[in-house]
Structure formats: structure tokens, C-alpha cells
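J.: As they're listed, the protein sequences go chains X and F. Under this note's numbering, the first residue of the first sequence is numbered 3, with each subsequent residue one higher. Under this note's numbering, the first residue of the second sequence is numbered 3, with each subsequent residue one higher.
Any given hint might turn out to be false.
Copies of the same chain look alike in the list, so a pair counts if it fits in one copy or across any two.
[Stated by the list, open to error] No farther apart than 20 Å at their CA atoms in a straight line, the calculated lysine to any residue pairs in the SDA-like style are these: (1) Lys47 with Ala287; (2) Lys47 with Arg150; (3) Lys47 with Asp271; (4) Lys47 with Gly235; (5) Lys47 with Glu203; (6) Lys47 with Arg246; (7) Lys47 with Thr137; (8) Lys47 with Ser265; (9) Lys47 with Arg295; (10) Lys47 with Ser240; (11) Lys47 with Gly163; (12) Lys47 with Ala239; (13) Lys47 with Leu219; (14) Lys47 with Arg161; (15) Lys47 with Val60; (16) Lys47 with Leu182; (17) Lys47 with Gln289; (18) Lys47 with Pro288; (19) Lys47 with Arg110; (20) Lys47 with Pro253; (21) Lys47 with Gly302; (22) Lys47 with Ala151; (23) Lys47 with Glu260; (24) Lys47 with Asp65.
For the record, the hints were derived by calculation from the structure and aren't laboratory data.
2 protein chains.
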Amino acid sequence: LTGSLQQLTEFGIIGLFSQQVGARPAWVSTGIGDDCAVLDLGGEKRLLVTCDMLVEGVHFLSDRISPRQLGQKSIAVNASDIAAMGGEPLAAFLGLGLTPQTSAEYVRAFRDGLLEGCRELGVELLGGDTVATRTDLAVSITLLGQVRAEEVVLRSGARPGDLLFLGGNVGDSAAGLRLLLHPDLILPPEHREALLRAHLEPRPQLRLGRFLASHRLAHSLIDVSDGLLQDLGHICASSGVGARVDCARLPISVSATEAASRSGLDPRDFALYGGEDYVLLFSAAPQDEDQIRDGGRALGLEVHPIGEITAEAGVSVLRDGRWVSPEREGYDHFR
Amino acid sequence: LTGSLQQLTEFGIIGLFSQQVGARPAWVSTGIGDDCAVLDLGGEKRLLVTCDMLVEGVHFLSDRISPRQLGQKSIAVNASDIAAMGGEPLAAFLGLGLTPQTSAEYVRAFRDGLLEGCRELGVELLGGDTVATRTDLAVSITLLGQVRAEEVVLRSGARPGDLLFLGGNVGDSAAGLRLLLHPDLILPPEHREALLRAHLEPRPQLRLGRFLASHRLAHSLIDVSDGLLQDLGHICASSGVGARVDCARLPISVSATEAASRSGLDPRDFALYGGEDYVLLFSAAPQDEDQIRDGGRALGLEVHPIGEITAEAGVSVLRDGRWVSPEREGYDHFR
Numbered sequence: 003l004t005g006s007l008q009q010l011t012e013f014g015i016i017g018l019f020s021q022q023v024g025a026r027p028a029w030v031s032t033g034i035g036d037d038c039a040v041l042d043l044g045g046e047k048r049l050l051v052t053c054d055m056l057v058e059g060v061h062f063l064s065d066r067i068s069p070r071q072l073g074q075k076s077i078a079v080n081a082s083d084i085a086a087m088g089g090e091p092l093a094a095f096l097g098l099g100l101t102p103q104t105s106a107e108y109v110r111a112f113r114d115g116l117l118e119g120c121r122e123l124g125v126e127l128l129g130g131d132t133v134a135t136r137t138d139l140a141v142s143i144t145l146l147g148q149v150r151a152e153e154v155v156l157r158s159g160a161r162p163g164d165l166l167f168l169g170g171n172v173g174d175s176a177a178g179l180r181l182l183l184h185p186d187l188i189l190p191p192e193h194r195e196a197l198l199r200a201h202l203e204p205r206p207q208l209r210l211g212r213f214l215a216s217h218r219l220a221h222s223l224i225d226v227s228d229g230l231l232q233d234l235g236h237i238c239a240s241s242g243v244g245a246r247v248d249c250a251r252l253p254i255s256v257s258a259t260e261a262a263s264r265s266g267l268d269p270r271d272f273a274l275y276g277g278e279d280y281v282l283l284f285s286a287a288p289q290d291e292d293q294i295r296d297g298g299r300a301l302g303l304e305v306h307p308i309g310e311i312t313a314e315a316g317v318s319v320l321r322d323g324r325w326v327s328p329e330r331e332g333y334d335h336f337r
Numbered sequence: 003l004t005g006s007l008q009q010l011t012e013f014g015i016i017g018l019f020s021q022q023v024g025a026r027p028a029w030v031s032t033g034i035g036d037d038c039a040v041l042d043l044g045g046e047k048r049l050l051v052t053c054d055m056l057v058e059g060v061h062f063l064s065d066r067i068s069p070r071q072l073g074q075k076s077i078a079v080n081a082s083d084i085a086a087m088g089g090e091p092l093a094a095f096l097g098l099g100l101t102p103q104t105s106a107e108y109v110r111a112f113r114d115g116l117l118e119g120c121r122e123l124g125v126e127l128l129g130g131d132t133v134a135t136r137t138d139l140a141v142s143i144t145l146l147g148q149v150r151a152e153e154v155v156l157r158s159g160a161r162p163g164d165l166l167f168l169g170g171n172v173g174d175s176a177a178g179l180r181l182l183l184h185p186d187l188i189l190p191p192e193h194r195e196a197l198l199r200a201h202l203e204p205r206p207q208l209r210l211g212r213f214l215a216s217h218r219l220a221h222s223l224i225d226v227s228d229g230l231l232q233d234l235g236h237i238c239a240s241s242g243v244g245a246r247v248d249c250a251r252l253p254i255s256v257s258a259t260e261a262a263s264r265s266g267l268d269p270r271d272f273a274l275y276g277g278e279d280y281v282l283l284f285s286a287a288p289q290d291e292d293q294i295r296d297g298g299r300a301l302g303l304e305v306h307p308i309g310e311i312t313a314e315a316g317v318s319v320l321r322d323g324r325w326v327s328p329e330r331e332g333y334d335h336f337r
């Protein structure tokens, strides 16, 4: 390992820290490498732990997201990782870095959004650390959750022949981000609002995750945070399988299609590479498709089959009648 | 709440986030306001959770602490919060913000220090998030630990008549910080090294915490992170008591005394206000003094009685034959 950090990808850095000397103790069910760590501290349930850090200027622009939305989104994106294990969130811990320019009003609005998000998701804010930073606001949240031992769903359980499902639209968040960065883009207000909401106020699919886990329907499960193809790549790498995705079956909203068309872009690129949709991506047995789709509808969700898991490694995408290999992966903060 | 953030102290901000709507659920044994949150998720043990954030330029200067020391100190200061509950640490989660200027060598050395610290303390690093920041390195660690339900020691159990004890020297860390900030200060190398080590490589008193908790000796317990008087103030406020401290009994090292004298300062100020000593401060029944001091010696530690808990509120300090009220509190990041 030599050279500058920019040569390392985010996943390279994570790999650096997961180099393990000796065996993990027995109470570690799952360490680094899934949406949450899974700890067996006794009892019927497993403890789930996830943490995410958001930095101003990198993950958000403080003039494009309100402090209230930032508070709510901070807890929502962590809860999405709990959903991606089939669990329910319990307790949050907040590391908050404030600059000398941060106003007390800003902090109060952030607090309101965070606590409102906690209430909606059934989360207690139980601690944290507030520090001064010199230039950038930083929000670091660690979220604890739990799930019965036999209901934990990992990334690594995908099996050849599984169908691949999405719990909701992909691409709306990327389209919303584009609107934020290109405020001059003209779009009917209902589309604009829908896309901005998808990006600024994501809703983690906790109830869908619990449904899949409690009925043992999902073989593998992840949330779409880095981008559909990148997150699908995580499932494939963990499970030792490949996948095929049919672009024609991707759930892409009219709003995202409209935003893409007015930007001269292909909405399928928003959907495949965009990230931050926080919908669940999972694989399951084909015979369970009806039960899954009915269960989704009972929760007010349309669950979409978008492809299948293959024994052969690699992800292929059917696009305009041709199978192609994705030429680029999702967003990497260090690229 | 109006005006700029600089009008708020760190504790004011923490208060903002601990405003509670409705009762805490039954599984929350202790929320915001102690060294750790205490969660009852079933079983004989309670889960302890603490989180700390360190920001370059505020909490550390990257040219004064090696990346290896920074890694080790990051986990040590969190483990000290677990020690302050009588617990044992288990699992760490790392939020790491890296700037474009951070070298891969720096990250690797930080990683080595962090993992070495984890090994020494019996901690597994089980997850985290690595992000880009624009200007400052940031380290956010959440540490989980556990302790048997009946052995949890809070800040709030101090009783009038208790003796106050310190698990080790206070002031060394503040003296070490002074040496870092005034490199021209001339001091014999053995003193210099001892003080720098105290500041850069603190060792949490986990074994002392376990000893006190498992023998039910400490009525109240905290670690000295903000400064002796400020941390004592936390015990007093939580317990609804006051305290008297005899300056003549404070354990102050020859090294700190020497550094103070060569700086034209009073070493008792390092000891009372300095912070970051990460020794345990606790109160216990006077009749347990011998058992406590013997137990400390068995761990290779000298435990020092420094004063007592009073029914009357407020902290008084006996200094040069006069009882005085501390005129200033410990370090506040926002002042």
C-alpha cells in the first residue's frame, strides 16, 4: 500500500480495516461486510449495529437540504441498513460536528428533524457527542436494532435461480439530486416535488424488511444506497453468484423519466447507477413471487421482479435487446 | 433559543438533544447523561454504548500526534467511558473522515494503532463508514460494552459522607498538552516522555472499573475526561450532592509539577482543570477505603482519597489552607 489516498477506493479502505488477526469471538455473528454487524449477546434476538457519516460539501450541501430534512435523512439512511437485515431499529447515537458558523436555529431545526425521524421509526436517541469542527458540518450516526436470530437476512444467501426484486422505484433520488444541482432545469412542479422528496426525505422500507424476514422469503437482502448495480454487485460477491437484470423491468417513475429526458439523459442510468434510493433489493425463490408481491401490496408497496441470480459470476444487463456488462459502478466518494 | 452557536456550551447542545417527549421505553435503563447509555435487551447483562468524535485542529493536531497514537487514543478514550460504568468493552464501530491530503500511509498507521488498541482492550472492530471530508480529518467511534445488571455504576449514586477517590494521577495529560503546544519548554527527557505519553497514549482503567463494580464498592463513578472539577460536578449534579476536595491530597506527578514550575504555572491547575487524564473518579463508603486501596495495589495502581461527598450542594476546594469555590470549569470545546 503506497501512494495517495485517491488511489484507494472506499471499499479498499474498508478492506484495510477488516484485516483480521485471529478468529472472531463466538458472539460476532457477522462483522464488517454486510449492511449491519450482527452480534449474539445472548437471548433470542441478535443485536444489529450500523453507522453512517455525512459530511457537508461531500454528502450534502447545506444550502440545498434544510436542517430539518438533514436530521430526518440522517436517521432514515441508517434505519435503511437495519431494514436490509430484516430488523427493527431501536436506539441511535449521534456524533455531531458543528462549525463556528452554524447557528443555534440550524441546530434546533436539525434536532427537530432528527427527533421527528426517530419517532416515526420507533428509535430512541440515547447519546452522542457534540464537537466543534473548523469548516464542515458532520453528522455521524450509529444505530442499533434487533432481529430474532432465525430471521437475520444477509447479503450472502442469494442462490442461482432466485428472482431479484426491488421494493420500489430506483432513480428518483438521482434525478432529485440532478434537480438540486441544476436548479434551472424546468419540470412540472409535481415531478419536481416528487423527485426532491425522494432525494431529501427518503423513507426506509422497514416494514417490507420485517415482512420478508419474518416469513423467511428473502434469501439475500440489501438496500440500494450506492446504486442498484453496485449494491447488486455486493450481493453477488458475498453470495458467490452472478445476476441478470432486465432494464425493461426496472421500476422507473414518470417523474424520473421526465427529468432525464429534459436533461438529455437516459433514465435507466439514474436507475442503475444513481444510489440513495433506499429501497430494498433482494433475491427469493421464484415460487414465492406471488406471496412477496401480495405482501408488498398489503404494505402499500409495489414489489418488482427485475431479473435473476445466476450461477455464473458477473452482472449482465439486458438493455435495448442486448446483454451488456455494466461499464461503470455506482458513486464512489473517493473518485 | 436564539443567537449564534458560540453562545451555547457543549452541555447546552447536549441538553437540546435530550429533550424527551413522553417516557422512555422500558428497555432504556439509562439514556443521555452518563458516560454510556445502558440498554436492557434481555439477559443478565446490560448493553453499554458510548460514542466520541475527534476532529483535527480541534481535538488533535495531526503534526503533534502520530497516526498510530491517534488510532490507539481514539479507542482508548471510548473504552474509558465503558470503564466508568464498571463494564467491559466489546465491539467498536468507526466513522472515519479523510481529507484529499490524507496519505495511504497515514491511514494504514492509524489503522495499525486502532487495531492494536482494540486487541489490548479486548475489542472487536466490527464496522464503520469511511467518507471524504474537505479539510479536516475526523474520527467518530461508537463502542459497545456490557456489564451484569446488578454491577452497573452510574454517576448518580454518590451519597453524603462518601469518600472521593482518584484511580491515578491528574494533570499529566494537561502538562503533556502544554509541552506539545510549547515545544521550546526545556524539561528532562524522562519527564517529557512521561507527560507526552499521558496525553498521547492514555490507558483506560478498565480493570479498576471492573474491580469496583464487581465488588460493589463504588457508589458513583466517572472518568476524568473534561477535567477533575468538571467531572466531579457531573457526579454532584447527577447525585444531588456536593463535594469537598483537598488539593494537598491530589495525586500530581513530579513530572507535571516540574513542567508547571518551568512554565510559571501551578500544577494544581493542571490537575483540577486539565482533563483527558482518563483515570477513574469515584465515591465510596469510608469503611471500604482499605479494600479499595488494596484492590488498586493488586492491579498495580495507587488509588488516592482526595475528598468527600457532602449533603450541601456545590464543590469546594481546600487550597493553601482556604476553602474556595472553583472559579472556572474544565475545557469546553465551544468556548
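J.: Could you run down the list of hints and mark each one as holding or not?
T.: Evaluation of the provided hints:
| no. | hint | verdict |
| --- | --- | --- |
| 1 | Lys47 with Ala287 | neither (25 Å within a copy, 39 Å between copies) |
| 2 | Lys47 with Arg150 | both (4 Å within a copy, 18 Å between copies) |
| 3 | Lys47 with Asp271 | neither (39 Å within a copy, 49 Å between copies) |
| 4 | Lys47 with Gly235 | neither (29 Å within a copy, 38 Å between copies) |
| 5 | Lys47 with Glu203 | neither (30 Å within a copy, 37 Å between copies) |
| 6 | Lys47 with Arg246 | neither (34 Å within a copy, 46 Å between copies) |
| 7 | Lys47 with Thr137 | neither (41 Å within a copy, 41 Å between copies) |
| 8 | Lys47 with Ser265 | neither (48 Å within a copy, 56 Å between copies) |
| 9 | Lys47 with Arg295 | neither (27 Å within a copy, 41 Å between copies) |
| 10 | Lys47 with Ser240 | neither (23 Å within a copy, 33 Å between copies) |
| 11 | Lys47 with Gly163 | neither (30 Å within a copy, 43 Å between copies) |
| 12 | Lys47 with Ala239 | neither (27 Å within a copy, 36 Å between copies) |
| 13 | Lys47 with Leu219 | within (19 Å within a copy, 33 Å between copies) |
| 14 | Lys47 with Arg161 | neither (25 Å within a copy, 38 Å between copies) |
| 15 | Lys47 with Val60 | neither (36 Å within a copy, 40 Å between copies) |
| 16 | Lys47 with Leu182 | neither (41 Å within a copy, 48 Å between copies) |
| 17 | Lys47 with Gln289 | neither (29 Å within a copy, 42 Å between copies) |
| 18 | Lys47 with Pro288 | neither (29 Å within a copy, 42 Å between copies) |
| 19 | Lys47 with Arg110 | neither (35 Å within a copy, 35 Å between copies) |
| 20 | Lys47 with Pro253 | neither (34 Å within a copy, 46 Å between copies) |
| 21 | Lys47 with Gly302 | neither (28 Å within a copy, 39 Å between copies) |
| 22 | Lys47 with Ala151 | both (5 Å within a copy, 18 Å between copies) |
| 23 | Lys47 with Glu260 | neither (45 Å within a copy, 55 Å between copies) |
| 24 | Lys47 with Asp65 | neither (42 Å within a copy, 45 Å between copies) |
Violated hints for the displayed structure, listed by number in ascending order: 1, 3, 4, 5, 6, 7, 8, 9, 10, 11, 12, 14, 15, 16, 17, 18, 19, 20, 21, 23 and 24.
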